[in-house]
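Protein chains: 2
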Amino acid sequence: MILIDGKATAAQIKAEIKDKVEAIVASGGRRPHLAAILVGHDGGSETYVKNKVLACEACGFESTLLRFEDDITEEYLLSEVARLNDDASVDGFIVQLPLPKHISEQKIIEAIDYRKDVDGFHPINVGRMAIGIPAFISATPKGILELLRRYNLETSGKKCVILGRSNIVGKPMSQLMMQKNGGDSTVTVCHSHSPQLKEECRKADIIIAAIGKPCFVTADMVKPGSIIIDVGTTRVPDSTRKSGFRLCGDVDFESVAPLCQAITPVPGGVGPMTICMLMMNTLAAANHEYYK
Amino acid sequence: MILIDGKATAAQIKAEIKDKVEAIVASGGRRPHLAAILVGHDGGSETYVKNKVLACEACGFESTLLRFEDDITEEYLLSEVARLNDDASVDGFIVQLPLPKHISEQKIIEAIDYRKDVDGFHPINVGRMAIGIPAFISATPKGILELLRRYNLETSGKKCVILGRSNIVGKPMSQLMMQKNGGDSTVTVCHSHSPQLKEECRKADIIIAAIGKPCFVTADMVKPGSIIIDVGTTRVPDSTRKSGFRLCGDVDFESVAPLCQAITPVPGGVGPMTICMLMMNTLAAANHEYYK
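Chains as they are written, first to last, in my numbering: chain A, 1 to 292; chain B, 293 to 584.
Mixed in with the good hints, there may be bad ones.
[Unchecked claim] For lysine-lysine, the following DSS-like pairs were computed, each having C-alpha atoms within a straight-line distance of at most 27 Å: (1) A:101 - B:584; (2) B:505 - A:180; (3) B:515 - B:472; (4) B:472 - A:213; (5) A:292 - B:472; (6) A:180 - B:342; (7) B:399 - A:198; (8) B:490 - A:203; (9) A:203 - B:472; (10) A:203 - B:393; (11) B:393 - A:223; (12) A:223 - B:515; (13) A:180 - B:399; (14) A:198 - B:490.
[Stated by the list, open to error] Footprint (simulated), chain B over chain A, 3 or more residues, beta carbon under 8 Å: (15) 112 to 126; (16) 209 to 215.
What the hints contain is simulated information worked out from the structure, not anything from laboratory work.
Keep in mind that this is a model prediction, so the values were computed, not measured.
Glycine is no exception: its CB is placed at the ideal position from the N, C-alpha and C atoms.
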């Protein structure tokens with residue numbers, strides 16, 4: 001059984017990015033610059049943004065963090081987005097979600113210049129990715145594809161079952177896995193309204209679980225020799241931990257892992273890859289890889 | 293067995309559109325206006341465009357056909373697209389595909405103002421559709437969803453197998469069929485690299501065949517009581533016809549139809565719905581239903 005080490009892979013990719021950045025700087029170029037907008041004081045968002053800033057340092061990027069209080073108006077936030085759109089020194093930026101309820105997330109996302117949309121949430125990037133032309137691809141699905149590739153796990157012609165149909169994981173993952181230049185798999189998407197879910201899983205060569213239910217995928221749902229990618233990160237109360245919780249994936253790792261060809265752990269699997277893919281997108285933005 | 297009559301359904305929808313248009317005109321409004329750009333003299337394209345003009349008449353729309361020779365430059369075609377973008381009297385327009393090889397179809401499509409992109413091919417519309425927010429949806433997948441709805445065929449929780457992963461049918465169809473506000477089905481996409489194709493079909497409650505191989509889906513691949521949607525329209529030589537050919541679907545209708553709960557014939561099934569959906573999109577454009 002191969003334990004897919006997302007932490008080591010992410011470290012490797014960040015080192016590769018840093019090498020490229022130092023080469024750019026050595027030849028007189030400017031360091032890639034990622035900006036992040038953080039509204040309010042949500043614990044999860046604080047952690048994510050802090051990790052993004054650290055990843056920027058690891059990659060040799062410049063980073064800027066813009067913080068605003070919860071009571072920022074939509075109009076003011078839109079003006080900040082416009083300012084970053086126009087700032088030639090910023091290659092890419094993200095607006096950390098979720099936003100306070102009085103602000104339309106979709107409106108903010110669509111206001112971001114798609115050429116700086118390193119989160120890949122703008123409809124132009126979502127659409128280009130679906131069509132199969134170069135675009136910023138959102139971090140989680142991009143990271144999963146990268147893990148499968150770096151571990152030389154064959155996906156072409158395989159039956160891939162995706163659990164969950166969210167806009168940030170399930171849907172884009174399905175598009176990437178079905179494309180000829182992507183996974184080239186036979187893709188099935190199951191969700192909360194899928195009575196066939198267990199049966200589909202049992203036939204799967206690859207399961208990508210992004211359904212947000214701790215330990216949902218059990219040994220009886222998995223075909224021996226399959227590849228299991230676990231996107232779940234639910235916080236489960238755990239009094240033995242200092243934090244009071246532990247992260248729990250969508251897969252019952254203990255029972256499933258012995259059956260698998262390969263599996264990602266939680267934590268340390270898909271998670272570390274996501275911020276790393278954001279760094280990859282930022283480098284691509286700085287290099288104008290997808291857009292002029 | 294229900295024979296899904298696309299021709300009658302399309303006629304019904306066009307009559308509904310015409311009623312709405314006459315109500316608009318009666319209250320002092322302007323008739324919706326669809327423009328089409330046709331480059332060259334491809335036989336199929338000529339027929340499609342002619343039928344679009346006729347459909348406009350049936351719906352009470354104004355229509356404009358702009359014709360150019362095969363040797364039009366990309367630059368000139370882009371300037372024509374820009375002119376239609378700026379023409380306030382045009383609500384929506386299409387550029388009939390395929391285009392001559394010296395012109396980038398993707399470049400032309402992306403030059404169309406997405407608010408007038410009634411074909412739904414612009415990445416913004418593709419992306420918004422994928423995200424599940426209002427957008428122009430391309431004609432074939434939209435027409436199939438409309439047929440399923442008008443025939444009250446249950447799709448929620450059903451296993452839907454889509455054959456083909458093209459950008460104009462397979463991929464958008466998969467997104468629409470999996471969405472909670474769309475088909476809400478468990479969706480599997482099979483294609484030329486799917487060894488599981490037959491097995492998947494045999495488990496399907498709904499098969500949407502868009503693989504472009506005449507009579508590919510045979511009785512042994514179909515579960516009794518399933519719903520079969522046939523998107524195929526291959527021209528097969530037929531000396532008994534005046535035209536010298538007949539249209540052949542992807543489904544072996546003779547053997548499959550007796551097994552089905554419902555099936556679309558070819559011709560007269562999905563085909564007539566597509567132009568009708570273009571009319572629906574044009575009315576939506578005139579009414580600014582999706583964009584201001």
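Discussion item. Please verify whether residue 472 of chain B and residue 213 of chain A have alpha carbons no more than 27 Å apart.
Written reply: 19 Å, holds
Worksheet item: With a cut-off of 8 Å between beta carbons, are at least three residues of the segment 112 to 126 of chain A near chain B?
Response: That given contact holds, which follows from 5 residues of the segment 112 to 126 of chain A lying within Cβ reach (below 8 Å) of chain B.
Discussion item. Check whether the Cα positions of residue 515 of chain B and residue 472 of chain B lie no farther apart than 27 Å.
Written reply: 25 Å, holds
Discussion item. Holds or violated: residue 203 of chain A and residue 393 of chain B, Cα atoms, limit 27 Å.
Written reply: Roughly 43 Å between the alpha carbons, so the hint for residue 203 of chain A and residue 393 of chain B is violated.
Worksheet entry | Satisfaction of hint between residue 223 of chain A and residue 393 of chain B, Cα-Cα up to 27 Å | Answer violated: residue 393 of chain B to residue 223 of chain A is near 47 Å, above 27 Å.
Worksheet item: Given the hinted pair residue 203 of chain A and residue 472 of chain B, is their alpha-carbon gap at most 27 Å?
Response: Holds, at roughly 24 Å.
Worksheet item: Taking 8 Å as the C-beta cutoff, is the stated coverage of the segment 209 to 215 of chain A by chain B satisfied by three or more residues?
Response: This one is violated; 0 residues, fewer than the three required, reach chain B with a Cβ under 8 Å.
Worksheet item: Taking only the CA atoms, is the gap from residue 223 of chain A to residue 515 of chain B under or equal to 27 Å?
Response: Within the cut-off at roughly 24 Å; holds.
Worksheet item: Are the Cα positions of residue 490 of chain B and residue 203 of chain A separated by 27 Å at most?
Response: At roughly 14 Å apart (the allowed maximum being 27 Å), residue 203 of chain A and residue 490 of chain B satisfy the hint.
Worksheet item: residue 180 of chain A and residue 342 of chain B: Cα distance at most 27 Å?
Response: 34 Å, violated
Worksheet item: Holds or violated: residue 180 of chain A with residue 399 of chain B, Cα cutoff 27 Å?
Response: OK: residue 180 of chain A and residue 399 of chain B at ~22 Å, within 27 Å.
Worksheet item: Does residue 490 of chain B lie within 27 Å of residue 198 of chain A when you go C-alpha to C-alpha?
Response: Holds, because 20 Å separates the two Cα atoms, which is no more than 27 Å.
Hints 5, 6, 7, 10, 11, 16, counting from the list given before, are not met by this structure.
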